[in-house]
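*Asks:* Between the sequences and the hints, there should be enough to build the whole structure, so can you do that?
The chain contents come next:
There are 2 protein chains.
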Amino acid sequence: MTDSTAHALVEPRLNRRQAAKIRTRQKVLDAARSLFAERGYEPATIRDIAKGAGMSTGAVFANFQDKAELFEAVLTEDMTRLAEVVEAGSTAGDPVRNRLVEALSAGYHSSLDQLPLFQAIVARSWFQPLAAEMRARAATKKLQLAIGAIVQDAVTKGELRQDADVRLLVELIWDSYLSNYRRAAYDNWDAQALSEHIGKQIDVILAGALAK
Amino acid sequence: MTDSTAHALVEPRLNRRQAAKIRTRQKVLDAARSLFAERGYEPATIRDIAKGAGMSTGAVFANFQDKAELFEAVLTEDMTRLAEVVEAGSTAGDPVRNRLVEALSAGYHSSLDQLPLFQAIVARSWFQPLAAEMRARAATKKLQLAIGAIVQDAVTKGELRQDADVRLLVELIWDSYLSNYRRAAYDNWDAQALSEHIGKQIDVILAGALAK
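In order, the protein sequence lines correspond to chains A and B. Numbering-wise (full-length UniProt numbering), the first sequence opens with residue 1 and increments by one. Numbering-wise (full-length UniProt numbering), the second sequence opens with residue 1 and increments by one.
Just so you know, these hints were derived from the structure itself, not from any lab. If a hint is listed, it holds; no wrong ones were tucked in.
Only pairs whose alpha carbons sit at most 25 Å apart, straight line, appear in this in silico BS3-like list of lysine-lysine:
hint	chain 1	residue 1	chain 2	residue 2
1	A	K200	B	K141
2	A	K200	A	K142
3	B	K200	A	K212
4	A	K200	B	K200
5	B	K200	A	K142
6	A	K200	B	K212
So the derived list for chain A, only partly shown, Cβ under 10 Å to chain B, looks like this:
hint	residue
7	I121
8	W126
9	F127
10	Y181
11	D203
12	G208
13	L210
Derived list of chain B stretches under chain A, where covered just means 3 residues or more per stretch with a C-beta under 8 Å from a C-beta of chain A:
hint	segment
14	125 to 133
15	166 to 180
16	195 to 204
Note that the Cβ used here is the ideal one computed from N, Cα and C, for glycine as well.
*Replies:* As structure tokens, then:
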């Protein structure tokens with residue numbers, strides 16, 4: 001994923017001060033993303049994030065309450081972007097299996113350069129306050145909806161059985177998708193290997209739901 | 001899971017000093033397990049573990065290099081015990097789907113009282129040095145072998161297709177099993193709810209592998 005520019009966010013009617021504030025916030029976010037993507041969560045310090053953004057730690061704290069809030073903001077931006085990549089990744093006319101593999105393969109290809117960030121996201125999702133978990137779920141919801149849209153479309157078209165449990169299928173695909181990042185982290189699998197593997201997993205998951 | 005007693009480990013030929021050493025080690029492990037199971041990894045301190053075991057921090061460090069090593073020792077003990085529970089949980093003659101649900105349901109029932117420990121195990125599995133990951137895999141391997149034995153048995157008996165990819169099926173079942181602990185952590189699902197859900201997941205995962 002590439003850094004987003006602040007310009008897209010600046011509406012013409014903002015005054016100079018508001019525009020500067022938004023640019024500063026985005027600079028902090030981009031510096032935080034770089035550091036999280038390089039080191040993960042724990043080793044990334046506010047001091048180093050401030051340094052990366054070329055500002056004081058005070059300026060960082062003027063925009064974000066703490067590292068956890070900063071991390072959540074990065075998570076939300078990145079999941080929104082990844083959902084767009086996944087949505088755009090598949091060709092509408094293809095069989096559902098291929099559409100899912102194309103979409104999730106696009107996801108792997110666009111995110112593996114930020115592997116420690118992904119590891120940190122999943123690790124934190126297992127141990128955080130309930131409120132933080134609910135916000136994280138809202139952020140990843142978009143990605144699951146993108147997977148869900150493909151599965152639902154296949155049901156509508158009659159490629160999958162009318163009584164297929166779309167929600168359960170999406171859950172299984174999503175768990176497999178996430179789980180595979182561990183292969184990248186510990187077994188050096190590249191995006192190609194992950195894509196082949198998710199293909200096999202999807203074949204198993206869909207097998208019983210395919211219309212005869 | 002209940003605390004194991006030191007006695008089972010003490011072979012008669014050990015002299016008094018060796019036996020005392022093993023008892024001390026087990027006391028530390030049991031105190032650590034209690035604290036990890038109550039608080040998770042980060043908030044559990046060596047000081048509090050020592051206090052729980054009724055000894056000095058020095059005595060803890062005489063047995064374990066650091067908290068990470070202590071956590072790994074707890075993980076290994078608990079996964080061995082959980083694998084035994086899972087292995088004993090299913091009835092040999094039952095259909096493969098039921099055997100898996102029985103086994104994993106036994107797993108949920110015996111581990112939910114240690115939920116924060118489980119959350120910590122999964123969270124750490126996403127962010128740890130490669131060597132630690134390999135040791136953790138060795139510890140959880142027993143559980144996956146217990147699942148694998150049930151699946152393999154069903155292939156051998158012709159209940160599942162001869163060309164079923166046992167390894168892939170076990171991976172999918174395992175990922176679902178673990179993933180469900182999040183429902184317990186954040187959505188207050190009890191062991192019964194988790195067992196019903198893993199049943200649905202197993203139905204989907206096995207659907208294409210069932211012999212016609």
